[in-house]
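Colleague: Residues per chain are reported as follows:
There are 2 protein chains.
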Amino acid sequence: MSEGAKSLKVAVLGCGAVGSQVVRLLTEQADDLTARVGAPVELVGVAVRRLDAPRDVEVPEGLLTTDATGLVSRDDVDLVVEVIGGIEPARSLILAALENGASVVTANKALLAEDGPTLFEAAAKAERDLYYEAAVAGAIPILRPLRESLAGDKVTRVLGIVNGTTNFILDKMDSSGAGFSEALEEAQQLGYAEADPTADVEGFDAAAKAAILASLAFHSRVTASDVYREGISEVTAADVASARDMGSVVKLLAICELRPGPHGDQVAARVHPAMIPRSHPLASVREAYNAVFVESEAAGQLMFYGPGAGGAPTASAVLGDLVTVARNRLAGTRGAGESAYADRAVQPMGETRTRYHVAIDVDDRAGVLAAVANAFADHDVSIQTVRQEGRGADAQLVVVSHAASDAALSATVDQLRNMDIVREVTSVMRVEGGDE
Amino acid sequence: MSEGAKSLKVAVLGCGAVGSQVVRLLTEQADDLTARVGAPVELVGVAVRRLDAPRDVEVPEGLLTTDATGLVSRDDVDLVVEVIGGIEPARSLILAALENGASVVTANKALLAEDGPTLFEAAAKAERDLYYEAAVAGAIPILRPLRESLAGDKVTRVLGIVNGTTNFILDKMDSSGAGFSEALEEAQQLGYAEADPTADVEGFDAAAKAAILASLAFHSRVTASDVYREGISEVTAADVASARDMGSVVKLLAICELRPGPHGDQVAARVHPAMIPRSHPLASVREAYNAVFVESEAAGQLMFYGPGAGGAPTASAVLGDLVTVARNRLAGTRGAGESAYADRAVQPMGETRTRYHVAIDVDDRAGVLAAVANAFADHDVSIQTVRQEGRGADAQLVVVSHAASDAALSATVDQLRNMDIVREVTSVMRVEGGDE
Numbered sequence: 007m008s009e010g011a012k013s014l015k016v017a018v019l020g021c022g023a024v025g026s027q028v029v030r031l032l033t034e035q036a037d038d039l040t041a042r043v044g045a046p047v048e049l050v051g052v053a054v055r056r057l058d059a060p061r062d063v064e065v066p067e068g069l070l071t072t073d074a075t076g077l078v079s080r081d082d083v084d085l086v087v088e089v090i091g092g093i094e095p096a097r098s099l100i101l102a103a104l105e106n107g108a109s110v111v112t113a114n115k116a117l118l119a120e121d122g123p124t125l126f127e128a129a130a131k132a133e134r135d136l137y138y139e140a141a142v143a144g145a146i147p148i149l150r151p152l153r154e155s156l157a158g159d160k161v162t163r164v165l166g167i168v169n170g171t172t173n174f175i176l177d178k179m180d181s182s183g184a185g186f187s188e189a190l191e192e193a194q195q196l197g198y199a200e201a202d203p204t205a206d207v208e209g210f211d212a213a214a215k216a217a218i219l220a221s222l223a224f225h226s227r228v229t230a231s232d233v234y235r236e237g238i239s240e241v242t243a244a245d246v247a248s249a250r251d252m253g254s255v256v257k258l259l260a261i262c263e264l265r266p267g268p269h270g271d272q273v274a275a276r277v278h279p280a281m282i283p284r285s286h287p288l289a290s291v292r293e294a295y296n297a298v299f300v301e302s303e304a305a306g307q308l309m310f311y312g313p314g315a316g317g318a319p320t321a322s323a324v325l326g327d328l329v330t331v332a333r334n335r336l337a338g339t340r341g342a343g344e345s346a347y348a349d350r351a352v353q354p355m356g357e358t359r360t361r362y363h364v365a366i367d368v369d370d371r372a373g374v375l376a377a378v379a380n381a382f383a384d385h386d387v388s389i390q391t392v393r394q395e396g397r398g399a400d401a402q403l404v405v406v407s408h409a410a411s412d413a414a415l416s417a418t419v420d421q422l423r424n425m426d427i428v429r430e431v432t433s434v435m436r437v438e439g440g441d442e
Numbered sequence: 007m008s009e010g011a012k013s014l015k016v017a018v019l020g021c022g023a024v025g026s027q028v029v030r031l032l033t034e035q036a037d038d039l040t041a042r043v044g045a046p047v048e049l050v051g052v053a054v055r056r057l058d059a060p061r062d063v064e065v066p067e068g069l070l071t072t073d074a075t076g077l078v079s080r081d082d083v084d085l086v087v088e089v090i091g092g093i094e095p096a097r098s099l100i101l102a103a104l105e106n107g108a109s110v111v112t113a114n115k116a117l118l119a120e121d122g123p124t125l126f127e128a129a130a131k132a133e134r135d136l137y138y139e140a141a142v143a144g145a146i147p148i149l150r151p152l153r154e155s156l157a158g159d160k161v162t163r164v165l166g167i168v169n170g171t172t173n174f175i176l177d178k179m180d181s182s183g184a185g186f187s188e189a190l191e192e193a194q195q196l197g198y199a200e201a202d203p204t205a206d207v208e209g210f211d212a213a214a215k216a217a218i219l220a221s222l223a224f225h226s227r228v229t230a231s232d233v234y235r236e237g238i239s240e241v242t243a244a245d246v247a248s249a250r251d252m253g254s255v256v257k258l259l260a261i262c263e264l265r266p267g268p269h270g271d272q273v274a275a276r277v278h279p280a281m282i283p284r285s286h287p288l289a290s291v292r293e294a295y296n297a298v299f300v301e302s303e304a305a306g307q308l309m310f311y312g313p314g315a316g317g318a319p320t321a322s323a324v325l326g327d328l329v330t331v332a333r334n335r336l337a338g339t340r341g342a343g344e345s346a347y348a349d350r351a352v353q354p355m356g357e358t359r360t361r362y363h364v365a366i367d368v369d370d371r372a373g374v375l376a377a378v379a380n381a382f383a384d385h386d387v388s389i390q391t392v393r394q395e396g397r398g399a400d401a402q403l404v405v406v407s408h409a410a411s412d413a414a415l416s417a418t419v420d421q422l423r424n425m426d427i428v429r430e431v432t433s434v435m436r437v438e439g440g441d442e
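Sequence order for the protein chains is A and B. As numbered in my numbering, residues 7 to 442 make up the first sequence, in order. As numbered in my numbering, residues 7 to 442 make up the second sequence, in order.
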């Protein structure tokens, strides 16, 4: 430690998988942090729910407290790290910390996606930093590149695998042919999925991250409720096999795009399973890894890849923010705040242009292909490819469309379902990552 | 433009492939930049060698000048962008700009790798920013993540494909079976290699980038002369075929590692062709793309991928820096300066632990394998695999070693070359990216 330098005092809220790694790194890397920040960074308190809970790190004597509100209200706390998660009490504690003059680092994607503007406004009013790199894609530095590195460019598209649990399940279904339930069970046994997997498998977690990515990429306020969301619980082994036949793989994608609208560019943000070609860089993202693909006008295509979750990786992202925020604090300044100047409208999902892959069991007789093609034509949906496979008395048609409005595609599928010659629409899935 | 806000005045030095794109983006994105910076960013001059040279952008009337020294000495210039390249006059101009109170953004890897400390000290003395994201891997945000996102973590290894020309050539050799000269010629025809390709194919460009990456990753001063360097001009079609037989591919890698030394961790930095397994994320980096793989203690393995060169991508990185530097300027502050606190020694290449792939034409008679194995054993080099292929009167042995000091491996190869039973050592190449 540089002698005489006044230390920066850090309070950590939460000491679970991430919090315990933050505490460990703060202690083990103390000398490094001092050198990087320019002053010692001192842990002054760790708020937990129960003092006697088992935890992965030895918290120094006397630092544990169950009084989180008291901790963030202390006069001497400069920096607050919030790794409790969830909406409350996290929101009240962050707001209290900012009001009390502390800068805040958080990993709380759910809170940011639901009520980010309240937090950003509180930070702006208090003239304090609010950083949250760890909220999206764990250790992968993606928010800082979007906020800063690409600040002089125009981002047009962000396409990401941002949920490790669903990627593990889909990867397992692809490699073993397993169904969803079987793959979920294996993920739960290995600790990749929680006992109640809803937030992950139904896409809520990915939708929160999509809202954060879209806000940063397009300088607009996008909340989780603006993001169209479909999970993976309906994805079948047949869908995955059908993707394989097409040289594709099924991934749960978070897609944020800038799309022309009636009054300038709009934001389209959605989370759903989709087929992508195996040659696409995102197709090779295996197991619980995350990756985010960014397209911008000048930089072209960039990809960021790494562990999307886990205590230590997420803590690495928290510490990176902590160093920046601490440096700003010492310099008496703050980093770039929220940038929502573009204030773009959100495009409704029905107007968003996507492509569909539709597998249909039909009667095997003359005129069937023409009838199916007509159903697409009725809704002005152009067909890219049709593959027909006879199998005894019935046949299977696999149709891949060109890009059309999601509403038109959805109406086409409804019409197909009502046709006499159609026995069953066995698979409907969006297609991404290829030519439109 | 926000009315009344004082504008920040930018001078651009150089108007070639990168400079012309910087000028274009400054003009086209002016409103966006104003919103992101908080004040208008105004282009006040562009220094060029010849006023009448053809260029890719229409420079606004009256801004072109051949007097670069005069431009950086102007009282009203806040920010200087240096995209001339090379050592002089770039160095003198950057130093003059800093001394004159301007902040500087540069893409000049050669200068930073040769004489970075002089520039960093000048920036520190002038209390101005010196940013250089565009100097390594074009548009890929890699320096900012190393400087900031991973600032609370401990980076242990950086492994990158950071030269697009050599990657194009090696990719071509791999996909078509072409020899080096033939692939180079194609790269030159397509504009991926210059008429004098020395800086690229002999690894000088990659070594400069390795020095910059190692300095940032390990908080030490590493210059180009500290980096061991071998180019790709000696890589043969047989080497590439041999790699293919092993399920590997040949890439020119920049490798920066933290290695235990007698007085604490040392920095090892090297650039050379190496075989990596096709399953490694870097193996699938095609054509002129770049990618950088980073390993750190807490974050684990991260990868950053994108276009490593080109006017527009490089300009995107320059503009990202420009926004940050302009914001700092408005706030009356500066970003984190050079961080060289760790001051680590550089490990000599001979002591660096690597693995070798050696292909040897030998007499096909009993005892040959034992004799070759003894040569490795004489230097305490452990063999991982040997493959023997008889072909008439002679045979080929392909040996892959475990990790050993580069000096021991090199001595082993010397000894092999002097053995009677060895007709020729046909291929020697380092092996990376697998188990040691």
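It is possible that part of the hints are untrue.
Treat identical chains as interchangeable: a pair holds within one or across any two.
Pairs of lysine to any residue, SDA-like flavour, derived with a Cα cap of 20 Å [what the hints assert, rightly or not]:
hint	residue 1	residue 2
1	Lys160	Arg335
2	Lys131	Gly267
3	Lys12	Ala342
4	Lys160	Gly107
5	Lys131	Arg163
6	Lys160	Asp38
7	Lys131	Val83
8	Lys12	Glu191
9	Lys12	Gly396
10	Lys131	Gly440
11	Lys15	Phe186
12	Lys160	Ala45
13	Lys15	Gly68
14	Lys12	Arg227
15	Lys160	Gly270
16	Lys160	Met355
17	Lys15	Ala102
18	Lys12	Leu57
19	Lys160	Asp37
20	Lys160	Glu48
21	Lys12	Asn334
22	Lys160	Thr33
Since the hints were made in silico from the structure, they are not lab data. Predicted, not measured: the structure shown is a model, and the values here were computed from it.
Colleague: Each of the hints needs a verdict: does it hold here or not?
Modeller: Structure-based check of each hint:
Taking the closest pair of Cα atoms, Lys160 and Arg335 never come within 20 Å of each other, the shortest separation being 30 Å inside a single copy and 23 Å across copies. For the identical chains of this complex, Lys131 and Gly267 are neighbours neither inside a copy (33 Å) nor across copies (50 Å), given an alpha-carbon limit of 20 Å. In this assembly of identical chains, Lys12 and Ala342 lie within 20 Å of each other by CA distance solely across copies; the values are 19 Å between and 25 Å within a copy. In the homo-oligomer, the alpha carbons of Lys160 and Gly107 never lie at most 20 Å apart, since the shortest distance is 34 Å inside one protomer and 30 Å across protomers.
Taking identical chains as interchangeable, the C-alpha atoms of Lys131 and Arg163 are never at most 20 Å apart, the minima being 31 Å within one chain and 41 Å between chains. Within a single copy, Lys160 and Asp38 get their C-alpha atoms only as close as 36 Å, which misses the 20 Å cut-off; across copies the closest is 9 Å, which meets it. Taking the closest pair of Cα atoms, Lys131 and Val83 come within 20 Å of each other only inside a single copy of the chain (18 Å); across copies the shortest separation is 32 Å, beyond that limit. In the homo-oligomer, the alpha carbons of Lys12 and Glu191 never lie at most 20 Å apart, since the shortest distance is 51 Å inside one protomer and 61 Å across protomers.
In this assembly of identical chains, Lys12 and Gly396 lie within 20 Å of each other by CA distance neither inside one copy nor across copies; the values are 78 Å within and 72 Å between. For the identical chains of this complex, Lys131 and Gly440 are neighbours neither inside a copy (45 Å) nor across copies (51 Å), given an alpha-carbon limit of 20 Å. For the homomeric pair Lys15 and Phe186, neither the shortest alpha-carbon distance inside one copy (47 Å) nor that between copies (58 Å) is at most 20 Å. Taking identical chains as interchangeable, the C-alpha atoms of Lys160 and Ala45 lie at most 20 Å apart only when they sit on different chains, with a minimum of 18 Å there against 37 Å within one chain.
Only within a single protomer do Lys15 and Gly68 lie at most 20 Å apart by alpha-carbon distance; the minimum there is 15 Å, versus 53 Å between protomers. In this homomeric assembly, Lys12 and Arg227 never come within 20 Å of each other (Cα to Cα): the closest approach is 38 Å inside a single copy and 28 Å across copies. When the C-alpha separation of Lys160 and Gly270 is checked against a cutoff of 20 Å, the pair qualifies only within one copy, where the shortest distance is 14 Å, while the shortest distance between copies is 45 Å. Taking CA atoms no more than 20 Å apart as the test, Lys160 paired with Met355 passes in neither setting, with 23 Å inside one copy and 43 Å between copies.
In the homo-oligomer, the alpha carbons of Lys15 and Ala102 lie at most 20 Å apart inside one protomer (16 Å), although the nearest pairing across protomers, at 40 Å, exceeds that limit. When the C-alpha separation of Lys12 and Leu57 is checked against a cutoff of 20 Å, the pair qualifies neither within a copy, at 30 Å, nor between copies, at 54 Å. With identical chains, the CA atoms of Lys160 and Asp37 are at most 20 Å apart between copies only, with a shortest distance of 12 Å across copies and 39 Å within one. In this assembly of identical chains, Lys160 and Glu48 lie within 20 Å of each other by CA distance solely across copies; the values are 19 Å between and 39 Å within a copy.
In this homomeric assembly, Lys12 and Asn334 come within 20 Å of each other (Cα to Cα) only inside a single copy, at 15 Å, whereas the closest approach across copies is 24 Å. Taking identical chains as interchangeable, the C-alpha atoms of Lys160 and Thr33 lie at most 20 Å apart only when they sit on different chains, with a minimum of 13 Å there against 40 Å within one chain.
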